[in-house]
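*Asks:* Position chains B and C against the provided structure of chain A, taking the given hints into account.
One-letter residues, chain by chain:
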Amino acid sequence: MVLGVATRNGRHVSEDASGHSPLAIRGLTVSYGEKPVVFSMDATFESGAMTAIIGPNGAGKSTLLKAALGILAPLSGKVTCFGKPLSRQLEKIAYVPQRAGIDWDFPAPVRDVVMMGLYRNLGLMGRIGAIHHEKVMSCLARVGMDGFADRQIGRLSGGQQQRVFIARALAQCADLFLLDEPFAGVDVATEKAIVKILKELRSNGKTVVAVHHDLSTVPEYFDNVLLMNTTRIAEGAAGETFTQSNLLKAYGGALARVQISAAV
Amino acid sequence: MNGAEFISLSLPPILIGSFAAIACALPGNFLLLRRQALISDAISHVVLPGIVVAFIATGTISTWPIMAGAAIAAFISIALIDAIRRMGGIESGAAMGVVFSAMFAFGVLLLEMTNTSSIHLDVEHALYGNLESLVWFEGQSWASLLSFKALAGLPPELPRMAIILLIIALLTRLFWRPLKISTFDDGFARTLGLPTGIIGLSLMGVATISAVGAFDAVGSIIVISMFICPPSAARMMTNRLEMQIAWSVAFAIISAVLGYVLAGYGPLWLGLDNAVSAAGMIATVSGLILAMTAIAGPCRKRAGVPALSSG
Amino acid sequence: MLIEALTLQLGYNATLVAAGAALLGMACGATGTFLYLGNRALISDAISHSSLPGLALAFIAMAWLGMDGRSLPVLLVGSALSAFAGLHVINWLSAKTRLAEDAAIGAVLSVFFGLGIVLLTVIQSMEAGRQAGLEDFLLGSTAGMLWNDAITIAVGGALVLLFLTVFARPMAMVAFDPEFAAVSGIDTRQTVMITMGLALGVTVVGIKVAGLILIVALVTIPAVAARFWTSRVRYMVVVAGAIGAACGYLGAAISATVPDLPTGPIIVMVAFAAFLITMLVAPGRGVLAVILRHRRFQNRVHVRQGLLALAQGQPIYERLTIRLLRRRGLVRADGVATEKGRAKAAIALLDERRWQILRSDPAHEVAASSYNGLTPLESVLTLDQIAEIDKALRLEAVK
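Residue numbers (our numbering), protein chains in the order written: chain A, 278 to 541; chain B, 72 to 382; chain C, -7 to 391.
For reference, chain A alone in the conformation it holds in the complex (with noise of 0.2 Å):
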């Protein structure tokens, strides 16, 4: 329902498409207090490809994802996921939220963590047995973190935590990946790390999409782009998108003192 400044390629998704994108929201508006931090928001996202969701600190990028999972309330708005209810679709989605939200200091081993990916196939009560303890080794492997799964998760570093969380991601064996700033406060090599594998995820069919706030990596990480400040901005392929204009309209007076700071 917002302006039509989105760019609609060939490449992206088109409404009538849309019943079968992997997540599609519309007109989704989210309040705290009396603020709209997301206003009318329309967003589809292209199946099999990466998207990023940027915008300027304070645009709505993370709250968007959260409403749209259910974890908050929205004000208004539908989110469907594959053409249903998100609410029905649930196991085909992985979640992976910001770090800086999470007790570190819980009691739990690296290996409880990533278990907890498992729970739609364990339920209630079921036994953990050699395939599971199999599914998380490998998980970890896959990070690069299988020589710490007995670490308390509070005795590790920032990168190190987060790759955790991509291996419990990776244990839901979803189709759709949403991650909450993942590259947020991590090292470099695990930066590498974590888009080798969501690009892997992606020639595997997956749908990936990120909340990410680094300007200068996007085209490099990204296929797609949804640019938002509150509302949305622009949509679409990063190459046809990911465009100064677009960027100012986003992120206005701001923009110039985000890019002085990655050039530096």
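What the hints contain is simulated information worked out from the structure, not anything from laboratory work.
Note that the structure is a prediction, hence the values are computed from the model and not measured.
Since no wrong hints were added, every one of them can be taken at face value.
Dumping the calculated DMTMM-like pairs for lysine to aspartate or glutamate here, alpha-carbon to alpha-carbon at most 20 Å:
id: 1; chain 1: A; residue 1: 369; chain 2: B; residue 2: 257
id: 2; chain 1: A; residue 1: 312; chain 2: C; residue 2: 343
id: 3; chain 1: A; residue 1: 412; chain 2: A; residue 2: 427
*Replies:* Only chains B and C this time, still in chain A's reference frame:
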């Protein structure tokens, strides 16, 4: 002390105290990790008005109406705290302080106005319980443990507390995974389809059942120490939730047994004639255990930064 | 009877109690504001509960020395010392171990209270303990105050109020934003200690009247109630103090009219009633006001979204949106926009387009930050500035 005296005078209170302590420590572990440890403070305070209202409504001090009254009062307080927190935008500690102190005052007022103090229902009982009076006259020797006739004379608090403990242990086992996941990462739990709001409220409901079951034996204020101290001490010992639960159960048992023994026999060793409050001593011992683990526990230091309060 | 009590005509003792309770309520309410703002409301519960062992020890010590164990000043010194120890344990646990402050508060209050009860049972078995009357300290005294007690409370309350006025500014800053306060050159540690010290002061002084279980009510309820009336710290302290004083006075007066009605619980119930009324009807933050405002706000969001959808010929998904638009005569029953609806939709779309220009112009960064999808542009810019934006809009249309 001979065996018969132990079985009739000490065994029942020790068992009841231990069961009550474990029943409180189990949900206490999760409340502690969720930063809701003080809800036990609120629940145990509002037990008093619940008892008084139940007494006025039914005219008796029989067990079930009183426990029902206490439980209803606890649920009302949880709902009120939640309503004030959400609708008024008040921080939860302050909301608790407002609700439980007001309800406690209401209970005291009602107690004074109806003059129920003439009956054996006094504030002191609700505050510090009557663990010492739970004796088993039929328990003459170890053989009594096998005699149905003797067992029928057990203080009713014992089977009651045992059943409550059993239910709570089963619930903890059954909902272990949802509890653990939603306590660690609420947002992630929701994307698994777990009803995190209901899980949180159920946890408080279970805590209420423990508190109401335990207040009769150990008194409402001491209940708080069983909710908080054994889990807190266990937290200093391990970095695994499963082990933390095990430690907390062990600490709860040690507090109950040692506390009871020290209260009963400690003063005699010191040359005093009278025993001191067992419930108070149990709380004191649990505090000493916490102090020792806080000074020397292998995992007493924080690992990682605590979560930001705003997400 | 109540009128007489309120106008201090029930005699010397009732007057004394009412005046003492009012002073205590004022000191508690004002101090409680700083605790509440620092998210430490329940610290007063820990202070009061952990005063019990000191109280009992003071009594035992006096009895041993052959004195009358009921000397209030000595008992209060004992209470203060053990409450001080309790505070230190809380600080130590939350600073040096992984225990969070709330758990530390709960652990200390229950353990100290348990120890206190152990000591109380010791006192009960002592010869001098029979008529100790220490139960009064648990639930507050049911009888009237003695002259000496009243003097102790008056002096203590006045001292707390004096300290409050001297340290109000740094305490408010530290409670509100400790980091900013530290940058402004305030010794935050020391200020927190002063706040705690005052809390300790009012708690210990108030124990005799309210009882140690209920003193938390006098510290918490007026402060929370005041929060509904104002967001400015200075006013909040005054409002909380006034509510506390009024409740103390009113509660004491009511309890004077009925024999054997305990003063402490009555004061708490009066305060709770004041809180409930406040929470419901306070303008701005009161529950009724908030619900009304939220409904209006939600409607605004839906109407605006609906208008933008109409203007761009997009389908409207939400039933609530359609219903609101119909009620305002903006769409017909079949969902097609009316004359008025089309006009309003065009205005909404123009506003949105203007905003877009504004937000991509670095020169308007400050104005752009007030965008939230609802604020009309006219409320942010002057007519001349809007004309400028319209120029840019036409330029873009040509492109």
